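Engineer: Now for the letters of each chain:
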Amino acid sequence: MTWTARLQGEAQPQAADEQPSLHLGPGRVIGRRIQRLEDPRLLTGQAPFVADVNLPGMVHAAIVRSPAAHGYLRTIDAAEALGSPGVQAVLTAKDLDELGVGEMPVHWLRPGQRNVSNPILATDKVYYVGQPVAVVVADDAYAAEDAAELVSLEIDPLPAMVNAEEALQPGATILHEEWETNLLAEHIASGGDVDRQFEHAEVVIAERFQIQRQAGMPIETRGAAATYDPLTGELTLWVSTQMPHLVKTDICQVCGWPGHKVRVIAPAVGGGFGVKEPPYPEEIVVCVLAKQLARPVKWVEDRREHFLASVQAREMTWDVELAADGNGRILGLRGRVIYDVGGHASAQGIGVPIVGTGMMLGPYDVQHMRVHILGAVTNKVPAGAYRGFGRPQATFVMERLVDELAARLNLDRAAVRQRNFIAPHAQPYRNALGHVYDGGDYGRTLDRALRQIGYDVFAARQAEARAQGRLLGIGFVTFVMEAGLGPSEQIVRGGHMTGTYETVLIRMDPSGKAVVYCGSSSQGQGHETTLAQVCADRLGLDPERDVVVVLGDTATTPYSPASAIGSRVGMVGGAATFLAADRIREKLVKLTAHLLEANVGDIEISEGLAYVQGSKDRALTIQEVATAACLGSNLPDGMLPGLEVSETFDPPVSTFPYATHAATVEIDPDTGGLTILRYVVVQDCGTMINPSVVEGQIAGGVAQGIGGALLEQLVYNSDGQPLTTSFMDYLLPTAVEIPDIEIVHLQTPAPDIPGGMKGLGEAGTVAPAAVLGNAVADALAPFGIRVTTLPLDPDRLWRAINRRGDGAS
Amino acid sequence: MKPPPFKYVRPSDLNEVISLLSQHGEEARLLAGGQSLVPMLNFRLLRPSVLIDLNAVTHMDSLAVADGTLLIGSMVRQRTAERSPDVLITAPLVVQALRHVGHFQIRNRGTMGGSLMHSAPAAELPGVALLLEAQMVLRSSRGERVIQASDFFCGPFTTAADPDEILTEVRFHTPPGARTTFLEVARRSGDFALAGVAALARIDPETRVLKEVRLAAIGVSGGPVRLFQAEAVVTGRYATPEALRESGAAAADEVTPSTDLHASEDYRKRLLNVLVARALAEITTL
Numbered sequence: 000m001t002w003t004a005r006l007q008g009e010a011q012p013q014a015a016d017e018q019p020s021l022h023l024g025p026g027r028v029i030g031r032r033i034q035r036l037e038d039p040r041l042l043t044g045q046a047p048f049v050a051d052v053n054l055p056g057m058v059h060a061a062i063v064r065s066p067a068a069h070g071y072l073r074t075i076d077a078a079e080a081l082g083s084p085g086v087q088a089v090l091t092a093k094d095l096d097e098l099g100v101g102e103m104p105v106h107w108l109r110p111g112q113r114n115v116s117n118p119i120l121a122t123d124k125v126y127y128v129g130q131p132v133a134v135v136v137a138d139d140a141y142a143a144e145d146a147a148e149l150v151s152l153e154i155d156p157l158p159a160m161v162n163a164e165e166a167l168q169p170g171a172t173i174l175h176e177e178w179e180t181n182l183l184a185e186h187i188a189s190g191g192d193v194d195r196q197f198e199h200a201e202v203v204i205a206e207r208f209q210i211q212r213q214a215g216m217p218i219e220t221r222g223a224a225a226t227y228d229p230l231t232g233e234l235t236l237w238v239s240t241q242m243p244h245l246v247k248t249d250i251c252q253v254c255g256w257p258g259h260k261v262r263v264i265a266p267a268v269g270g271g272f273g274v275k276e277p278p279y280p281e282e283i284v285v286c287v288l289a290k291q292l293a294r295p296v297k298w299v300e301d302r303r304e305h306f307l308a309s310v311q312a313r314e315m316t317w318d319v320e321l322a323a324d325g326n327g328r329i330l331g332l333r334g335r336v337i338y339d340v341g342g343h344a345s346a347q348g349i350g351v352p353i354v355g356t357g358m359m360l361g362p363y364d365v366q367h368m369r370v371h372i373l374g375a376v377t378n379k380v381p382a383g384a385y386r387g388f389g390r391p392q393a394t395f396v397m398e399r400l401v402d403e404l405a406a407r408l409n410l411d412r413a414a415v416r417q418r419n420f421i422a423p424h425a426q427p428y429r430n431a432l433g434h435v436y437d438g439g440d441y442g443r444t445l446d447r448a449l450r451q452i453g454y455d456v457f458a459a460r461q462a463e464a465r466a467q468g469r470l471l472g473i474g475f476v477t478f479v480m481e482a483g484l485g486p487s488e489q490i491v492r493g494g495h496m497t498g499t500y501e502t503v504l505i506r507m508d509p510s511g512k513a514v515v516y517c518g519s520s521s522q523g524q525g526h527e528t529t530l531a532q533v534c535a536d537r538l539g540l541d542p543e544r545d546v547v548v549v550l551g552d553t554a555t556t557p558y559s560p561a562s563a564i565g566s567r568v569g570m571v572g573g574a575a576t577f578l579a580a581d582r583i584r585e586k587l588v589k590l591t592a593h594l595l596e597a598n599v600g601d602i603e604i605s606e607g608l609a610y611v612q613g614s615k616d617r618a619l620t621i622q623e624v625a626t627a628a629c630l631g632s633n634l635p636d637g638m639l640p641g642l643e644v645s646e647t648f649d650p651p652v653s654t655f656p657y658a659t660h661a662a663t664v665e666i667d668p669d670t671g672g673l674t675i676l677r678y679v680v681v682q683d684c685g686t687m688i689n690p691s692v693v694e695g696q697i698a699g700g701v702a703q704g705i706g707g708a709l710l711e712q713l714v715y716n717s718d719g720q721p722l723t724t725s726f727m728d729y730l731l732p733t734a735v736e737i738p739d740i741e742i743v744h745l746q747t748p749a750p751d752i753p754g755g756m757k758g759l760g761e762a763g764t765v766a767p768a769a770v771l772g773n774a775v776a777d778a779l780a781p782f783g784i785r786v787t788t789l790p791l792d793p794d795r796l797w798r799a800i801n802r803r804g805d806g807a808s
Numbered sequence: 000m001k002p003p004p005f006k007y008v009r010p011s012d013l014n015e016v017i018s019l020l021s022q023h024g025e026e027a028r029l030l031a032g033g034q035s036l037v038p039m040l041n042f043r044l045l046r047p048s049v050l051i052d053l054n055a056v057t058h059m060d061s062l063a064v065a066d067g068t069l070l071i072g073s074m075v076r077q078r079t080a081e082r083s084p085d086v087l088i089t090a091p092l093v094v095q096a097l098r099h100v101g102h103f104q105i106r107n108r109g110t111m112g113g114s115l116m117h118s119a120p121a122a123e124l125p126g127v128a129l130l131l132e133a134q135m136v137l138r139s140s141r142g143e144r145v146i147q148a149s150d151f152f153c154g155p156f157t158t159a160a161d162p163d164e165i166l167t168e169v170r171f172h173t174p175p176g177a178r179t180t181f182l183e184v185a186r187r188s189g190d191f192a193l194a195g196v197a198a199l200a201r202i203d204p205e206t207r208v209l210k211e212v213r214l215a216a217i218g219v220s221g222g223p224v225r226l227f228q229a230e231a232v233v234t235g236r237y238a239t240p241e242a243l244r245e246s247g248a249a250a251a252d253e254v255t256p257s258t259d260l261h262a263s264e265d266y267r268k269r270l271l272n273v274l275v276a277r278a279l280a281e282i283t284t285l
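Chains B and F are the protein sequences, given in the same order.
Mapping the first sequence onto numbering that gives the first Met the number 0, position 743 (from 1) lands on 742, and the numbers just tick up by one.
Mapping the second sequence onto numbering that gives the first Met the number 0, position 156 (from 1) lands on 155, and the numbers just tick up by one.
Hints in this document: simulated from the structure, not taken from any laboratory.
Predicted, not measured: the structure shown is a model, and the values here were computed from it.
Where hints are given, some of them may not hold.
Stated by the list, open to error - So the derived list for chain B, only partly shown, Cβ under 7 Å to chain F, looks like this:
no., residue
1, A140
2, Y141
3, E144
4, E153
5, D301
6, T670
7, V714
8, T733
9, V735
10, E736
11, I737
12, D794
Even glycine gets a Cβ: it sits at the ideal position worked out from N, Cα and C.
When you get a sec, could you build the whole thing from the sequences and use the hints?
Structural biologist: Next up, the structure:
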């Protein structure tokens, strides 16, 4: 990576080096830049991924996928494949039906939603190229792929619907005929009386925005390996997932198997980004086959399959209007968004546009909005989660509207924003849709970002450059996101099948070392490090030497319904760890007071010691106290032996981290080529457990956001054939395309979360498209161009500059 | 993403390769650096029955200079050529172009001959060979023949080499006193060019007029193309901004690029126009 993160002056976490005499103990380990504990294993290639699971007698699955975007599946002829060398079995929907295997559940339901589950293998119809139709199992992956080519599918083709808006027009070809429409579900996000605001608005900005289809593209594709023990009836599945417990729940539900006989392990996982959020059909199939064949079965998705079979995201068309008074005070927002669902609902249904729209008004004090969300099925890969989950799109739309408002009124863009921001004293603020923010000073992050990037001198620089025929632009965006959703009851009432609590179990044995068990899994975010830091902080331990964190194995970790989604592990998992460790600490303190014959209130724990405040000679090591607790002798009255605590934290509220991103760009007027000159992030994510991890999350998110703004696009032709099925055509940004990312931290602890953390993981992705859209619009202002369509590729920009139609405007 | 079955042979001697080629002909594929062939096998876009691995064959990676001409064995790795002082001195355009070929990891494996034989429409080395009027040395059981680069490239992924022939050597010659450059625009660093230009010019030291100008484009046609009109427009003139602009415009007029996912026809023409003018400006500026 070429980015360099720089920790600026403000809000320095209490650094250990400021307290040379005290390194370990409450407030000393949270906030410290320790190196990531998982990295030696990951960076030396020692961490086991699903593809590394090799068991004696293992056979390999290859998936036969629909070559057609839409059609009736008439016959599947597997005779030739079954005769191919090394082939063990071919599985189709008919076999699954005979085995009593059900359908994949949809986890996010809205009233009236038209499908609540989906077939694992296609039955009578296919809805997109890549839909799983049959599974071939052979002695090795080569033989399986050779035989998969021999499975012959007879499909009567139907016209493909590749545009969600057209799919909702009268006369459109209906995908799911029993629905008599292509509308999967709809939702109206509404608050206040928006139409009335438009009646007396002095300015209305109306615009259509189109955001392209993208996907998370983890470096490790999906994969699953299962083994079944006929003697015990126990099944073990290794799977590359963000949600091992939910995968297990789905397997048990779909196959009718009892939970205590199923173990799901997410080993090292090479990126998730939402793509690995839902359980997938292949994961169920591998389990079914392992049981049927009584042999271990493995399937590892290849990259081409990943483009055909893993959830895609982001594609939306917005028709929106913003009402304002003549001073740029925003009065209301209304409009419609059509979300391209793909061939059928993914696990997330229409949750993505609902979450995106929910915080669309972001930092602005506006109490009136109505957005009609329509989810339409099309003959494309089902759409689901991708880091940001609707927020990048909604932020792009809102922030482009605000810039256009400022331009219309000839007002400074920063001033218009400051005029509309929620005042810090108005917090906690209830937004138009009822979300109650937990604090925020948006003016401060904007000011700080503009100072960092030199907004006050930019206009002069820009004018000078324009005089030389050079095009410079600046864009900036302040956003608030709802992160680490809670409480569970509210989330479930909102249509999500699972709650959002987290349970953490901490065990300490007589050695005085701690093991933290958390049901979330890690896809590289650094959870092992951050949870170890929280635990160590509370218990006066060294996070590197005294704590181990166990993640992602349903056999050993507490149930986790939401796991590594929604920017929640640091916040919710961190809070649960904080509480559990505090309870261990409480017990250690009581026991120490008893052993040292001191008052409980006088006992401190730090540096691996429990001691009487002010007299360190009256001290026991944590190991001595832990030994006493675990042996169970000489305990105070009423204290039970043992040092094992489980705490469940269900967030009483969501958290509302916020940030301002700002960027300067230069566009080559001859070629439309865009260079990002500077990229600044001012982020407040509450307490930072580890600033280096925070910066890594921000930088990675910004890189993905830049990819979505400038490069990435999943393209289908009019027959529904995907044209981007390799990294030659789907352009992820590389280190060369990503500028240095300058990060400034502000740190306002979340008031309602133990530890004060706010969700962060997705934050980096939210703003880049909006920031770069605004910067491009600014650079191209002399040409009167309205930036409404992504990605901002050079061909599009050159067309816009030269007014060759089909451009950005 | 697993290749279909094939027979794999790893000869150590060129004569053995030639005999295998004469035996298997079109059924055989030569494996050099594998940077294009291996993905194509894994995508099952190619299904050769025999894969002849050249990596153990001796004497195919020599690099020599004779009478000012660079003689480069087809198994010379691109990265080796890129870092060779001999190449930099005798054929600097090769080095200038190689910097745009994929990423250095790809150039570590990729070979000079592999890229020329693969002949992808936007590949840099075919453009270089065309511009420098390289000689391509082919061997088969029928003997050796030398083909001019202008006769060698026959469209996308197609060359004049017969199925039983192997490219053993390429000879590059830069006219004395010529300056060269290679410019391209790609969506990302290391991607295939949306358009690229190899340029060569000699300026008369007395009169300062452009005595010889050669231009070749990549990415705007089925293979590399010489831009004869654009060359003619500036040859014999001073390198004024106006002359260079006219050359760029002429270049855009003499190609018919196709539209694909990454760029439209007219955008590619526009890029070529700009790149020709910029390339000429670069090599005519003292």
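Engineer: A separate judgement is required for each hint: does it hold in the structure or not?
Structural biologist: Here is what the structure says about each hint:
The restraint placing A140/B at the interface with chain F holds, with a minimum CB-CB distance near 5 Å, inside the 7 Å limit. Interface restraint check for Y141/B: the shortest CB-CB distance to chain F comes to about 5 Å, inside 7 Å, so the restraint holds. Because the beta carbon of E144/B sits about 5 Å from the nearest beta carbon in chain F, less than 7 Å, this interface hint is met. Proximity of E153/B to chain F is violated relative to the hint, the smallest CB-CB distance being about 22 Å (cut-off 7 Å).
Annotation: D301/B was flagged as interfacial toward chain F, and the flag holds, the nearest CB pair being 3 Å apart, inside 7 Å. The beta carbon of T670/B comes within 6 Å of a beta carbon in chain F, closer than 7 Å, and the hint placing it at the interface holds. Contact between V714/B and chain F, as hinted, is supported at the beta carbon level, the nearest pair being about 6 Å apart and thus within 7 Å. Because the beta carbon of T733/B sits about 6 Å from the nearest beta carbon in chain F, less than 7 Å, this interface hint is met.
The beta carbon of V735/B comes within 4 Å of a beta carbon in chain F, closer than 7 Å, and the hint placing it at the interface holds. For E736/B, the interface hint holds, since its Cβ comes within 7 Å of a Cβ in chain F; the closest pair sits about 6 Å apart. Hint on I737/B is violated. Least Cβ distance to chain F is approximately 11 Å, over the 7 Å limit. Of the supplied interface hints, the one on D794/B holds, with its beta-carbon coming within about 4 Å of a beta-carbon of chain F, less than 7 Å.
Going down the numbered hints, you'll see the structure goes against 4 and 11, while the others check out.
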